[in-house]
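Colleague: Now for the letters of each chain:
There are 2 protein chains.
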Amino acid sequence: MPLSVPRSSRLVGLPAAACALAAPTPRSHAGGQGTGGRRWGQALGLLLSVLGLPAAAQAPALPPPDSVQLERLGYMSTFPPEGEQRIDQSNAYKYPQLRWVVQHLRELQPTRNIRRGPAPASPLPAAPKPLGGLQFEDAQGQKITVDEWARSTYTDALLVLHQGRLVYERYDNSLQPSTPHLLFSVTKSFTGLMAAQLAHEGRLDPQALVTRYVPELAGSAWADMKVREVMDMTGAVRFRENYTDPSSEIFGYAWASGLLPRPPAYQGANTVYDFLKTLPKDGEHDQVFTYRTVHSEVLGWIVSRVTGRHWADLMSQQIWQKLGMEEDAYVMVDRVGTPLQGAGLNATARDLARVGEMLRLGGRFNGQKIFDAAVIEDTARGGDRDKFKAGGLQAARPGYSYRNQWWVLHNADGAYEAAGVHGQFIHINPAAQMVVIKLSSHPVAGAAFTHATTLKAWAALAQAVR
Amino acid sequence: MPLSVPRSSRLVGLPAAACALAAPTPRSHAGGQGTGGRRWGQALGLLLSVLGLPAAAQAPALPPPDSVQLERLGYMSTFPPEGEQRIDQSNAYKYPQLRWVVQHLRELQPTRNIRRGPAPASPLPAAPKPLGGLQFEDAQGQKITVDEWARSTYTDALLVLHQGRLVYERYDNSLQPSTPHLLFSVTKSFTGLMAAQLAHEGRLDPQALVTRYVPELAGSAWADMKVREVMDMTGAVRFRENYTDPSSEIFGYAWASGLLPRPPAYQGANTVYDFLKTLPKDGEHDQVFTYRTVHSEVLGWIVSRVTGRHWADLMSQQIWQKLGMEEDAYVMVDRVGTPLQGAGLNATARDLARVGEMLRLGGRFNGQKIFDAAVIEDTARGGDRDKFKAGGLQAARPGYSYRNQWWVLHNADGAYEAAGVHGQFIHINPAAQMVVIKLSSHPVAGAAFTHATTLKAWAALAQAVR
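Protein chains in written order, with the UniProt record's numbering: chain V, 1 to 466; chain R, 1 to 466.
Isolated chain V, as found in the complex (with noise of 0.2 Å):
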């Protein structure tokens, strides 16, 4: 963690989606002549401040949430859209346009299919509980109800399954239960558990060096990096996300992936797996956890590497084929067919429902399995604490730890999840019996602002479903 950034103003959560809004040019520089974390901050500031995005500082002044409802802004809605009804590569990552882009990435990038196949959608019965009115106190003490929760942190799905019922199930801002919303960083999940049902099968071995499975990353920080640094992120590679210089990492990725359109002059990798090559290693491996989106494009490979199968594949046979979802979901991919496998996915709240009660039942579903169950207790059990405390994200997250690419809690519940930048979660809570699906598209870039509130949120809802 080597940026001496504001540990408020830092997008703390994903670095691919936290460059997926970051401008595509440095002509938004601030000028900014201090030293350290304040120049940081400023400049950051200003930047975010261009794209409409605040900085995520503790209390920044954030648009009403009525404000920037779809049915109120009307983007894409005539034939051809105009002016600032539009929405194309352009804008397609600022705020509030990104609350459109969650709902229809496929409509602005390639993207691949993932498949459900012929089966019946599995039952996911209703038994409502109230749990909308449901009033506990937030992380500034102040009384709130989950209905003003979810509307206040810019949520676009809730649903909340107890003993696989679904009690409570909540749509906001247009989003319709068919439609697939982009996940971000829930995508390393899946990723990081393919893995792990590997590693568990014998076919994957985590203490392998990453260069046996992709001898191309030897000129990389992953040339001596084993694959459990990988799958837990503590591995140490250069990745900065400085949002003012175009020399940062974090552009190369969002260039080279395609998540943002490519400067006129643009020399620089042209796919994902070209950029991987270029990152260079930054301190010791195994130290300390540092969060990197670029891990989990280089898990994938691995995973596509071992199975010979495109992540599309696996997904669809392994998980949407298998659970009996009620749609098709789909991953970005870049110029050369490569998924986005840390932050691509998009997915509909109701079939990640099924994948949250698949993981609370000990990997079987719909009456077939989908991991083992030894896979889900490893995760579940957590990675490594000390590393993780040291690794600048403890404030927003204290006490938690990284395993399989799963952020678990280690709470008297034993809860884990899989959480995205704009606040897209798969929350399991094991003793509660419980799982909790939100999907948003907050204007904030990081769980830093609003973790704490959903800390308690988990809380209240597991006392209440009980």
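The hints are simulated quantities; they were obtained by calculation from the structure and are not laboratory data. Check the hints yourself; a few may be wrong.
Covered by chain V, per the in silico footprint, the following chain R stretches (three or more residues, Cβ under 8 Å) [unchecked claim]:
1. 75-84
2. 104-115
3. 332-346
Every beta carbon over 10 Å from chain V, so not counted as near; a handful from chain R, in silico [as the list claims (entries may be wrong)]:
4. PRO63
5. PRO64
6. SER67
7. SER152
8. ASN242
9. THR278
C-beta: ideal position from N, C-alpha, C; glycine also.
Once you have looked at the hints, place chain R on chain V.
Modeller: Relative to chain V, chain R alone:
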């Protein structure tokens, strides 16, 4: 039809797809100094050979079908794809890469979903007949079986329905029954049916000027054109398909739509609709059938204006969800989400079989009314055969006319069809109670070279199933 290109080397069938086959830069200009047809033929031949495509002569040298099977070519099957195996925007419309692209368009382009909805798939009962061995005489008088015809015309799927039962179903070239296939100009026929239905309902006046619905076209060829002249392609618009002249309108369409990567200094239209506004009139309207993909884009624009709905949503709600489709379909969109209403649809062969059967049954299928019978009847009755004859496509399609964006054979069986440039068909033969779906990825862009045998195949199949 102003081009003085020898008929044998014209890319007959679909400007949209033809443009998709053209090189993005003028570097491959032929320097021929001849005049008229000869010079054009030379230039086109050279360009096509650069692309690996034969000019559509009477007997072009085609790659042996076995040599261009995807299982043999192995495109995009390693992670990442390297060298010859890689397909991206730079070679996506070369041959045989095109064979992969027609099964994977969404992995290269932004697209919009056409959702099938939650209903179970409608029955498509099988009653197999050994039609593969059926022998008939091809255009040259040679005996050929249906299987040989399918193979030799680079067919990816061939389905024959008789009285609603699937009597023959063949897939090749790795196409899965569940994989949507690019349909090129078959797309137009859906747009045409939508418009005809709106006309039948009195919501769209075919005798009104286009500008009543789309005033933005007031400065273009469509300024004084009637809607009917768009529906039946008798409007006179300048849309040259000179593949060696980058000022030719075909490039404008390809660059505006995103079908071809834009040249570095591109200053042209950013969207398909902006491009349409630039096209001038070329002669008098309502004189001659002049096949132009841009008419279909205008017609789709009109449909969206009348309904206030996106083409993909109309396709889903009015067709895909009602017919009980097996799979979602999708359509390519330009940079602002406008669908390519003349060339961008992708769907499975089985779902197209349901469309064909619905048409054969007069607009009803799966217990639902999709179109009014009068709309189907109006379409099947055909358009003006004299205007068609004057249009220059008579050699390939003798006796045909074009109505509501459908090709009408005017044969004894009352047959009509939708057709795409690389050999995609929905062929309906009411008298024989037969529907044929043929999805191909033929190396020649155009029907001139193949259609005489296609007609003989239709006739042989109709005779066999009766």
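Colleague: Against each hint, give a clear statement of whether it holds in the structure.
Modeller: Against the structure, the hints come out as follows:
no., hint, verdict
1, 75-84, "holds (count 4)"
2, 104-115, "holds (count 10)"
3, 332-346, "holds (count 5)"
4, PRO63, "holds (24 Å)"
5, PRO64, "holds (27 Å)"
6, SER67, "holds (23 Å)"
7, SER152, "holds (30 Å)"
8, ASN242, "holds (27 Å)"
9, THR278, "holds (15 Å)"
Comparing the model with each earlier hint shows no violations; every hint is respected.
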